[in-house]
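Number of protein chains: 2
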Amino acid sequence: MSFSSAKVEQGRRGTSFFNSRWVQAPDGVEELDPAQLAPGFRAGGAHCGLKEGGKTDVGLVVCDAENVVSSILLTRNASSAAPVRVCRDRCERGAIRAAVVNSGNANAETGEKGYADAVAMCDEAAAQLGLRPELVAVAETGVIGVPLPIETVLGGISGATANLSTSGGVAFSDAIVTTDRWPKRCTLRAGAVTLSAQAKGGGMIQPNMATMLCFVQTDAVVGDPDAALRAATDASFERITVDGQMSTNDTVLLQATGSSGAPLPEGLLEAVLLQLAIEVVADGEGSSRVGRVQVDGAASAVEAERVARAIANSPLVKTALFGRDPNWGRIAQAAGMALAGEDLEEIGAEAIDAAELAEDVAEAEIGIRLDRGEHRAHVWFSDLGYEYVRINAEYTT
Amino acid sequence: MSFSSAKVEQGRRGTSFFNSRWVQAPDGVEELDPAQLAPGFRAGGAHCGLKEGGKTDVGLVVCDAENVVSSILLTRNASSAAPVRVCRDRCERGAIRAAVVNSGNANAETGEKGYADAVAMCDEAAAQLGLRPELVAVAETGVIGVPLPIETVLGGISGATANLSTSGGVAFSDAIVTTDRWPKRCTLRAGAVTLSAQAKGGGMIQPNMATMLCFVQTDAVVGDPDAALRAATDASFERITVDGQMSTNDTVLLQATGSSGAPLPEGLLEAVLLQLAIEVVADGEGSSRVGRVQVDGAASAVEAERVARAIANSPLVKTALFGRDPNWGRIAQAAGMALAGEDLEEIGAEAIDAAELAEDVAEAEIGIRLDRGEHRAHVWFSDLGYEYVRINAEYTT
Numbered sequence: 001m002s003f004s005s006a007k008v009e010q011g012r013r014g015t016s017f018f019n020s021r022w023v024q025a026p027d028g029v030e031e032l033d034p035a036q037l038a039p040g041f042r043a044g045g046a047h048c049g050l051k052e053g054g055k056t057d058v059g060l061v062v063c064d065a066e067n068v069v070s071s072i073l074l075t076r077n078a079s080s081a082a083p084v085r086v087c088r089d090r091c092e093r094g095a096i097r098a099a100v101v102n103s104g105n106a107n108a109e110t111g112e113k114g115y116a117d118a119v120a121m122c123d124e125a126a127a128q129l130g131l132r133p134e135l136v137a138v139a140e141t142g143v144i145g146v147p148l149p150i151e152t153v154l155g156g157i158s159g160a161t162a163n164l165s166t167s168g169g170v171a172f173s174d175a176i177v178t179t180d181r182w183p184k185r186c187t188l189r190a191g192a193v194t195l196s197a198q199a200k201g202g203g204m205i206q207p208n209m210a211t212m213l214c215f216v217q218t219d220a221v222v223g224d225p226d227a228a229l230r231a232a233t234d235a236s237f238e239r240i241t242v243d244g245q246m247s248t249n250d251t252v253l254l255q256a257t258g259s260s261g262a263p264l265p266e267g268l269l270e271a272v273l274l275q276l277a278i279e280v281v282a283d284g285e286g287s288s289r290v291g292r293v294q295v296d297g298a299a300s301a302v303e304a305e306r307v308a309r310a311i312a313n314s315p316l317v318k319t320a321l322f323g324r325d326p327n328w329g330r331i332a333q334a335a336g337m338a339l340a341g342e343d344l345e346e347i348g349a350e351a352i353d354a355a356e357l358a359e360d361v362a363e364a365e366i367g368i369r370l371d372r373g374e375h376r377a378h379v380w381f382s383d384l385g386y387e388y389v390r391i392n393a394e395y396t397t
Numbered sequence: 001m002s003f004s005s006a007k008v009e010q011g012r013r014g015t016s017f018f019n020s021r022w023v024q025a026p027d028g029v030e031e032l033d034p035a036q037l038a039p040g041f042r043a044g045g046a047h048c049g050l051k052e053g054g055k056t057d058v059g060l061v062v063c064d065a066e067n068v069v070s071s072i073l074l075t076r077n078a079s080s081a082a083p084v085r086v087c088r089d090r091c092e093r094g095a096i097r098a099a100v101v102n103s104g105n106a107n108a109e110t111g112e113k114g115y116a117d118a119v120a121m122c123d124e125a126a127a128q129l130g131l132r133p134e135l136v137a138v139a140e141t142g143v144i145g146v147p148l149p150i151e152t153v154l155g156g157i158s159g160a161t162a163n164l165s166t167s168g169g170v171a172f173s174d175a176i177v178t179t180d181r182w183p184k185r186c187t188l189r190a191g192a193v194t195l196s197a198q199a200k201g202g203g204m205i206q207p208n209m210a211t212m213l214c215f216v217q218t219d220a221v222v223g224d225p226d227a228a229l230r231a232a233t234d235a236s237f238e239r240i241t242v243d244g245q246m247s248t249n250d251t252v253l254l255q256a257t258g259s260s261g262a263p264l265p266e267g268l269l270e271a272v273l274l275q276l277a278i279e280v281v282a283d284g285e286g287s288s289r290v291g292r293v294q295v296d297g298a299a300s301a302v303e304a305e306r307v308a309r310a311i312a313n314s315p316l317v318k319t320a321l322f323g324r325d326p327n328w329g330r331i332a333q334a335a336g337m338a339l340a341g342e343d344l345e346e347i348g349a350e351a352i353d354a355a356e357l358a359e360d361v362a363e364a365e366i367g368i369r370l371d372r373g374e375h376r377a378h379v380w381f382s383d384l385g386y387e388y389v390r391i392n393a394e395y396t397t
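First to last, the sequence lines map onto chains A and B. With the first letter of the first sequence counted as 1, position 277 gets the number 277 in my numbering; the numbers rise by one all the way through. With the first letter of the second sequence counted as 1, position 164 gets the number 164 in my numbering; the numbers rise by one all the way through.
Where hints are given, some of them may not hold.
[Said to hold, decoys possible] Here chain B is said to cover these stretches of chain A; the calculated rule only asks that three of the stretch's residues, wherever they fall, bring their Cβ under 8 Å from a Cβ of chain B:
(1) 314-327
(2) 331-337
[Unchecked claim] Calculated Cβ distances over 12 Å to all of chain B for the following chain A residues:
(3) G49
(4) E66
(5) E285
(6) G297
(7) E305
(8) D383
(9) Y386
For the record, the hints were derived by calculation from the structure and aren't laboratory data. We treat Cβ as the ideally placed atom computed from N, Cα and C, and that holds for glycine.
Between the sequences and the hints, there should be enough to build the whole structure, so can you do that?
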């Protein structure tokens with residue numbers, strides 16, 4: 001057995017934040033130190049012991065402006081983790097002032113104690129910050145099914161509160177990562193507006209760990225934060241797949257103070273979330289290449305989506321991406337499965353552009369295209385290689 | 001990286017045909033030499049060059065009785081291979097006398113030439129056998145997207161015709177296999193009835209090859225062959241998954257002469273197809289263990305099915321099966337994904353019996369169970385290990 005093709009990218013592929021060929025940043029965007037949060041926000045982190053080696057595993061981000069507007073998106077998984085349920089049940093979603101997070105334990109499938117623990121985290125953070133608990137979101141990521149050592153975590157929240165700082169972006173980012181190979185964060189200035197963001201990924205679900213978290217802070221004026229976050233998420237996090245597995249803990253939080261007096265530059269939030277989403281795929285479990293499949297035509301939008309997802313989640317297409325195999329037959333097969341029962345003309349080789357699958361170059365971003373009608377959809381996806389098996393089979397509980 | 005857990009079963013696990021813990025054969029079934037076909041049938045095979053090393057790659061099975069009844073089930077993949085389309089368009093499904101097969105080339109995604117080639121195979125077999133072409137089914141398996149060397153195949157059909165024999169079951173079985181690690185065939189006697197069957201698998205789709213084929217011959221009286229085959233297939237081939245990929249070439253053919261004067265013993269066809277189906281999973285690409293997930297309760301049959309499939313096709317559950325990890329959190333996560341948007345109570349550990357996932361014993365058949373309502377469904381599935389990646393990534397086109 002050879003591992004020659006298992007070239008895993010060990011870091012980001014450029015020095016610029018916007019390094020994906022698929023992301024178009026708005027003109028005039030300036031990159032700042034990612035430690036520096038958008039004006040009006042402070043963050044901090046601490047180590048309480050959920051992760052080994054003294055790593056930061058508890059964090060807080062807080063908006064000092066009372067008139068913040070916010071939007072929060074939560075996983076729809078019916079096995080949602082306790083923090084997701086607590087946010088859903090208790091948070092004033094449009095006015096979230098702070099978020100308390102931990103990594104190393106997802107607090108998922110932990111029953112009534114888990115729910116009470118997530119409530120206790122909100123309550124503790126609220127008390128430390130002098131806020132009503134309904135204004136504090138909670139997000140957790142890590143092992144599923146293991147009770148949270150709540151006293152330890154509450155101690156960590158005190159520690160994180162003690163080092164809250166306007167330059168706490170890196171500490172907060174460190175507090176949410178689990179197996180990420182590189183951090184996913186930025187602070188950007190565009191005209192009068194500053195936006196900072198921190199994400200973590202690894203897969204829809206990590207080896208015993210769950211998931212995708214993303215936090216965005218800005219001083220822009222955001223009139224309809226739900227619409228803005230929904231639209232930007234639809235075009236980014238909702239269009240990626242590592243292993244097709246919806247997680248128990250996915251959470252995306254946008255907070256905007258409006259203190260700059262200026263609106264979000266058009267396309268900025270979309271570009272930031274898309275870059276972060278593509279990095280989540282690039283840093284998927286054992287992933288070495290990112291594919292983007294585009295179905296350029298289909299009978300309906302629903303059909304285009306179904307075909308694109310079938311291709312992106314096919315283990316045969318994913319291993320072909322890993323093995324640099326321009327195997328358009330597998331793409332046709334997956335598309336045909338998504339269209340089962342229809343009596344189609346063959347999707348011939350001429351309709352499928354799979355050539356990039358075989359490109360054995362430094363290029364880790366591979367586009368494939370399928371053209372068969374009017375409607376469009378596209379999905380970014382990772383390859384499937386030995387590392388995915390190793391991470392998910394050998395880290396036994 | 002360690003491969004200690006990648007113990008691949010290199011052969012069948014018993015000397016008896018019915019060797020799965022999940023298959024209950026009817027009482028009084030006697031196993032005969034699988035070369036010996038059911039009375040009234042002859043089969044033969046030849047090497048024409050589609051496979052290397054002189055292996056048998058063309059085959060014929062023919063019923064000498066004019067009053068045969070038959071049923072044929074074909075893949076619903078919208079990218080169906082040419083032979084599937086030809087069977088759909090031309091065959092008199094209830095009266096199929098013969099089937100002509102080849103392995104080494106799926107004749108899928110091969111356009112108009114491919115269709116004409118499959119027609120030519122039927123016509124040649126019909127001419128050789130003195131039958132109308134509408135009474136001859138065609139099935140092919142192997143590489144997708146490669147034109148068939150039709151003259152070579154037609155020559156092979158002549159060769160197979162020349163050695164047609166009542167003891168041609170093994171030759172015919174050899175003619176349909178591709179990467180199978182062991183043959184999947186039997187001849188059984190139950191009372192007055194004899195039934196012979198040959199199948200091939202490897203995955204829903206093979207490395208560049210497609211698929212699952214199964215042929216069944218019997219002298220039993222089968223009043224409604226469509227109903228009999230549909231019911232037995234629903235409980236067997238329709239309940240398995242290797243990689244969730246519906247193939248382009250799946251074909252199951254039942255032929256019954258009625259010459260024994262006796263009906264099929266209750267449960268015989270079901271038991272044979274289930275044993276063959278489980279062997280297809282056991283011999284899946286790189287598979288080392290077979291799981292059976294049973295959702296013992298759900299709000300509806302549709303929901304039970306969706307949850308069972310979500311678990312069986314989760315790469316996280318499959319790698320856990322490979323790694324002997326009793327990871328019930330991944331089962332809860334996959335079930336929750338299948339129930340997305342519902343507001344459920346947690347599916348706690350107590351509802352999930354995943355203990356067998358961890359059994360590090362010779363037992364290659366692993367049962368897991370999820371209990372949460374009224375309705376039931378179950379699916380057999382393979383694990384996902386290094387061999388799957390190797391087979392599908394390293395055999396580049």
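Structure-based check of each hint:
With 11 residues bearing a CB less than 8 Å from a CB of chain B, the segment 314-327 of chain A meets the requirement of three and the coverage assertion stands. Restraint check on the segment 331-337 of chain A versus chain B: 6 residues with Cβ-Cβ distances below 8 Å, three needed, restraint holds. Listed as a non-interface residue, G49/A keeps its Cβ farther than 12 Å from every Cβ of chain B; the least gap is roughly 21 Å. Remark: the non-interface label on E66/A is consistent with the geometry, its nearest Cβ contact in chain B lying 32 Å away (cut-off 12 Å).
Consistency note on E285/A: stated as away from chain B, yet its beta-carbon is not over 12 Å from all of that chain's, at 9 Å minimum. For G297/A, the condition that its CB be more than 12 Å from all CB atoms of chain B holds, with the nearest at approximately 15 Å. Residue placement check: E305/A keeps its beta carbon more than 12 Å from all beta carbons of chain B (closest about 15 Å). Interface exclusion of D383/A from chain B breaks down, the closest Cβ pair being 8 Å apart, not more than 12 Å.
The Cβ of Y386/A does not lie farther than 12 Å from every Cβ of chain B; its closest approach is about 5 Å, which violates its non-interface assignment.
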